[in-house]
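> Those sequence lines, one after another, are chains F and Z.
Letter 99 of the first sequence, counting from 1, is numbered 99 in this note's numbering, and no numbers are missing.
One gets this note's numbering by counting positions in the second sequence from 1 and adding 113 to each.
Take the hints with a grain of salt, since some may be wrong.
[As the list claims (entries may be wrong)] Heads up, simulated PhoX-like pairs for lysine-lysine below, C-alpha to C-alpha not over 25 angstroms straight-line:
1) K122/Z - K184/Z
2) K122/Z - K42/F
3) K100/F - K183/Z
4) K100/F - K127/Z
5) K5/F - K100/F
6) K108/F - K170/Z
7) K5/F - K170/Z
8) K71/F - K184/Z
9) K216/Z - K57/F
[What the hints assert, rightly or not] To give an idea of the chain Z side of the interface with chain F (calculated C-beta under 7 angstroms), a few residues:
10) G116
11) D151
12) G155
13) L156
14) G222
15) S226
[Claimed, not checked] Computed, partial: chain Z to chain F, Cβ under 7 angstroms:
16) F123
17) G153
18) G176
19) Y177
20) R181
21) E215
22) S221
Calculated directly from the structure, the hints in this document are not laboratory data.
All values derive from a computational prediction rather than experimental measurement.
Glycine included, C-beta positions come from ideal geometry on N, C-alpha and C.
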Amino acid sequence: QQQVKQSPQSLIVQKGGISIINCAYENTAFDYFPWYQQFPGKGPALLIAIRPDVSEKKEGRFTISFNKSAKQFSLHIMDSQPGDSATYFCAALNSGGYQKVTFGTGTKLQVIP
Amino acid sequence: NAGVTQTPKFRVLKTGQSMTLLCAQDMNHEYMYWYRQDPGMGLRLIHYSVGEGTTAKGEVPDGYNVSRLKKQNFLLGLESAAPSQTSVYFCASSYQDSATNEKLFFGSGTQLSVL
């Protein structure tokens with residue numbers, strides 16, 4: 001059962017543009033929503049995360065927008081750069097559990113010059 | 114500081130062969146996990162451990178066994194490999210402390226092909 005749905009599967013953005021990746025979840029027990037970034041040949045690494053008590057979190061060019069009522073959250077990458085080309089995974093978990101993170105299916109982002 | 118180290122990085126097996134993937138972490142983390150990554154499927158949890166000597170099943174445990182004899186090591190075993198187990202395997206670890214325990218630290222992966 002896919003509890004976190006992620007779209008699009010792939011995304012091509014021109015340098016300087018905005019990259020937007022969307023996720024939706026079903027389990028209302030989730031209370032922590034991280035995004036992981038994965039470069040080819042590497043393991044995923046935590047990029048940014050949000051809790052449902054805020055609607056937006058920004059770190060540099062990366063912003064998470066969160067809509068609790070719709071059970072949706074999204075990652076926005078402003079001024080996208082070729083170095084941002086990677087696969088991005090949204091995720092969700094109940095932080096009271098044993099860190100059993102549920103991942104989305106991933107979005108492969110390519111930023112072209 | 115090595116973080117999470119996985120060995121081997123690549124392996125090719127024939128159907129029915131067995132093997133063990135080793136994960137080692139030097140961050141004194143309580144929790145450790147094994148995931149598999151398949152195209153279009155994201156990362157799926159195979160087994161996890163919340164401490165030395167303890168293991169539990171994740172989302173896709175069939176065909177795999179694990180052991181956590183030492184806190185720093187988490188082993189994933191395939192007793193009789195099948196082509197459906199062709200995948201990239203990632204080990205991860207995390208703290209137990211509630212203030213910092215949401216972050217997973219991943220190894221660089223093991224690419225396994227079963228012919």
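> The structure should be examined with respect to each hint, and the outcome stated for every one.
Structure-based check of each hint:
1. K122/Z - K184/Z: holds, 22 angstroms
2. K122/Z - K42/F: Holds, at roughly 11 angstroms.
3. K100/F - K183/Z: Given pair K100/F, K183/Z holds - Cα atoms ~21 angstroms apart, limit 25 angstroms.
4. K100/F - K127/Z: Answer violated: K100/F to K127/Z is near 31 angstroms, above 25 angstroms.
5. K5/F - K100/F: Since the Cα atoms of K5/F and K100/F sit roughly 17 angstroms apart, the hinted pair holds (cutoff 25 angstroms).
6. K108/F - K170/Z: Not satisfied, since the Cα-Cα distance of roughly 29 angstroms exceeds 25 angstroms.
7. K5/F - K170/Z: Distance of about 23 angstroms is within 25 angstroms: holds.
8. K71/F - K184/Z: violated, 37 angstroms
9. K216/Z - K57/F: holds, 17 angstroms
10. G116: At about 9 angstroms, which exceeds the 7 angstroms cut-off, the nearest Cβ of chain F leaves the hint on G116/Z violated.
11. D151: violated, 10 angstroms
12. G155: holds, 4 angstroms
13. L156: Given a least distance of 4 angstroms, the restraint on L156/Z holds.
14. G222: holds, 6 angstroms
15. S226: violated, 16 angstroms
16. F123: Since chain F brings no Cβ nearer than about 11 angstroms to F123/Z, farther than 7 angstroms, the hint is violated.
17. G153: Holds. Min distance 6 angstroms.
18. G176: Violated: closest Cβ of chain F sits about 20 angstroms from G176/Z, beyond 7 angstroms.
19. Y177: violated, 16 angstroms
20. R181: The hint is violated - R181/Z has no Cβ within 7 angstroms of chain F, the shortest such distance being about 13 angstroms.
21. E215: With a closest approach of 5 angstroms, the E215/Z hint holds.
22. S221: holds, 5 angstroms
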